[in-house]
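Peer 1: Given next are the chains, with one letter for each unit.
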Amino acid sequence: MIIHHPILGPRDAQEFVYLGDASLIDRPDGMTAGVEAFHDYLYQRTNPAGEHQELWYHEQGDRSWLVVTRNTVTHEITKVELARDVARARGRTK
Amino acid sequence: MRYSGFRVIAEALTGHKGWKPVWRDPTPKAEYDYIIIGGGGHGLATAYYLAKEFRQSRIAVLEKGYLGGGNVGRNTTIIRSNYLLDGNEPFYEFSLKLWEGLEQDFNYNAMVSQRGIINLIHTDAQRDAFTRRGNAMILHGADARLLSRDEVRQMYPWLNFDNARFPIKGALMQPRGGTVRHDAVAWGYARGADQRGVDLIQNCEVTGMRIENGRIKGVETTRGYIGAKKVGVAVAGSSSKVMAHAGMRLPIESHVLQAFVSEGLKPLIDGVMTFGAGHFYVSQSDKGGLVFGGDIDGYNSYAQRGNLPVIEDVAEGGMALMPAIGRVRLLRTWGGIMDMSMDGSPIIDKTHVEGLYFNGGWCYGGFKATPASGWCFAHLLAKDESHSTARAYRFDRFLKGLMIDEKGQGATPNLH
Numbered sequence: 001m002i003i004h005h006p007i008l009g010p011r012d013a014q015e016f017v018y019l020g021d022a023s024l025i026d027r028p029d030g031m032t033a034g035v036e037a038f039h040d041y042l043y044q045r046t047n048p049a050g051e052h053q054e055l056w057y058h059e060q061g062d063r064s065w066l067v068v069t070r071n072t073v074t075h076e077i078t079k080v081e082l083a084r085d086v087a088r089a090r091g092r093t094k
Numbered sequence: 001m002r003y004s005g006f007r008v009i010a011e012a013l014t015g016h017k018g019w020k021p022v023w024r025d026p027t028p029k030a031e032y033d034y035i036i037i038g039g040g041g042h043g044l045a046t047a048y049y050l051a052k053e054f055r056q057s058r059i060a061v062l063e064k065g066y067l068g069g070g071n072v073g074r075n076t077t078i079i080r081s082n083y084l085l086d087g088n089e090p091f092y093e094f095s096l097k098l099w100e101g102l103e104q105d106f107n108y109n110a111m112v113s114q115r116g117i118i119n120l121i122h123t124d125a126q127r128d129a130f131t132r133r134g135n136a137m138i139l140h141g142a143d144a145r146l147l148s149r150d151e152v153r154q155m156y157p158w159l160n161f162d163n164a165r166f167p168i169k170g171a172l173m174q175p176r177g178g179t180v181r182h183d184a185v186a187w188g189y190a191r192g193a194d195q196r197g198v199d200l201i202q203n204c205e206v207t208g209m210r211i212e213n214g215r216i217k218g219v220e221t222t223r224g225y226i227g228a229k230k231v232g233v234a235v236a237g238s239s240s241k242v243m244a245h246a247g248m249r250l251p252i253e254s255h256v257l258q259a260f261v262s263e264g265l266k267p268l269i270d271g272v273m274t275f276g277a278g279h280f281y282v283s284q285s286d287k288g289g290l291v292f293g294g295d296i297d298g299y300n301s302y303a304q305r306g307n308l309p310v311i312e313d314v315a316e317g318g319m320a321l322m323p324a325i326g327r328v329r330l331l332r333t334w335g336g337i338m339d340m341s342m343d344g345s346p347i348i349d350k351t352h353v354e355g356l357y358f359n360g361g362w363c364y365g366g367f368k369a370t371p372a373s374g375w376c377f378a379h380l381l382a383k384d385e386s387h388s389t390a391r392a393y394r395f396d397r398f399l400k401g402l403m404i405d406e407k408g409q410g411a412t413p414n415l416h
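If you read the protein sequences in the order shown, they are chains A and B.
Per our numbering: the first sequence = residues 1 to 94.
Per our numbering: the second sequence = residues 1 to 416.
It should be emphasised that the hints constitute simulated quantities derived from the structure, not laboratory data.
It should be emphasised that the depicted structure is a prediction, and the values quoted were computed from it without experimental measurement.
Cβ coordinates follow ideal geometry from the N, Cα and C atoms, glycine included.
Please note that a few of the clues may not be correct.
To be verified - Okay, the calculated beta carbon distance ranges per label pair:
#1 Ile77(A) with Asp86(B): 38 to 46 Å
#2 Arg145(B) with Gly91(A): 57 to 65 Å
#3 Phe54(B) with Thr78(A): 45 to 53 Å
#4 Arg327(B) with Gly91(A): 30 to 38 Å
#5 Gly30(A) with Ala164(B): 42 to 50 Å
#6 Leu8(A) with Pro167(B): 37 to 45 Å
#7 Gly91(A) with Ala164(B): 31 to 39 Å
#8 Leu8(A) with Asn160(B): 18 to 26 Å
#9 Thr222(B) with Thr78(A): 26 to 34 Å
#10 Lys97(B) with Val35(A): 36 to 44 Å
#11 Asn160(B) with Ile77(A): 34 to 42 Å
#12 Gln53(A) with Gly276(B): 27 to 35 Å
Unchecked claim - To give a feel for the contact side, a few chain A residues facing chain B, derived at Cβ under 7 Å:
#13 Gln14
#14 Tyr18
#15 Leu42
#16 Gln44
#17 Arg45
#18 Thr46
#19 Ala49
#20 Gln53
#21 Val73
Stated by the list, open to error - A short, non-exhaustive set of chain B residues, derived as facing chain A with CB atoms under 10 Å:
#22 Trp19
#23 Ser240
#24 Glu253
#25 Pro309
#26 Phe398
Start from the sequences and build out the full structure, keeping to the hints where you can.
Peer 2: This is the structure:
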């Protein structure tokens, strides 16, 4: 698989480390959220067959976190964004 | 029809005209007491034990494709019970004992071959860990032996013992481990279930579940609605897709695992060998092909095919361990979809929907578990309580901090 890095261009997926569903960006507030919310955040996955937004870390490159939109049935990648931009768009400060 | 040596001779003398189809092809009835979703090894074993051991009837198995067409036909056929943790070892040892009596039990040649499995040791730390695991196995009634470097050399003198990075220092052996003809497991269970009146319904994909007042009423399928008092789901690989019909999210990700077989060779590897440090394991089939594999690809996938970097990685592992295979040609590679759970261990449990039960999360260790998985799932379905060896495989273990994490990796499914 080739991941089109928004800054570095096309890179082999082997340069990256895979973390998982990009919903991991949306961590519940540790001061207010309950055990159930953290359980769902940490352990439960939607695990779709089809389009999937996921976190890839460019370990052997610029060490940026990316949000890659990829089809889990065909492995086709349709969108690659910097995770920083995605997090900010969702209202996170960093 | 009962299979026996006498039957083979009798058929040979009468022109082989007496063989019958091994199972029926029934049309679905309007309602069953039990519906098992998934006609793979685990689903068929569940139906078989439900009918045979738990004396239940009006059972159907629904399979979206053909029987045994999923992971039971895609694995590398290894059986073993070399686990460490209390939640796992009794279950897998129960499974290995069932394997040992399986062919007599279901009157079908599954080619159960207990040729032994060894896990190679390369460091002092690994020897300590494997010694501990071997002791845990023995405490649970399984068998384990620690082999010295010389003993391993006697078995496989052509291994690369002096690899600079991973010199071989010994091995943990389970002599009762081995291999089984994987398709025959599905066929044997299917035949045994069919003989006991279970309807095996193929080309029947579940497209929805009818749930009223928190209770399962039946399932919508591509062959119409089928009512059921109890529904058991055993579709590892597609668990998230099927359980989404009941509005459930699971502690599971689907990942692709590749497997490989080489061209046929003269006898080279007697048993099963794992090279954990190099992410490689291998056995040799009766036809002579080396059957081997390594890590999962590591990203969510439902594709049943992997990518080339993992093929390269597995080949490197093989070459590091066995330089002699350098000119062996690869015959086939293929992929299967694994339910990778959050602690690397499976789930056999009730759900929040009354009458709906779940069996899945087998990671890449489902094949060896087939008999016990079927037995324990049938126990749960018939008696509404977990079998004594499967009590730890609960949904709520993540919420309660009761994970069964053999590898100690935490909630990272692609690393288990």
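Peer 1: What are the numbers of the hints that this structure violates, sorted from low to high?
Peer 2: 4, 7, 8, 20, 22
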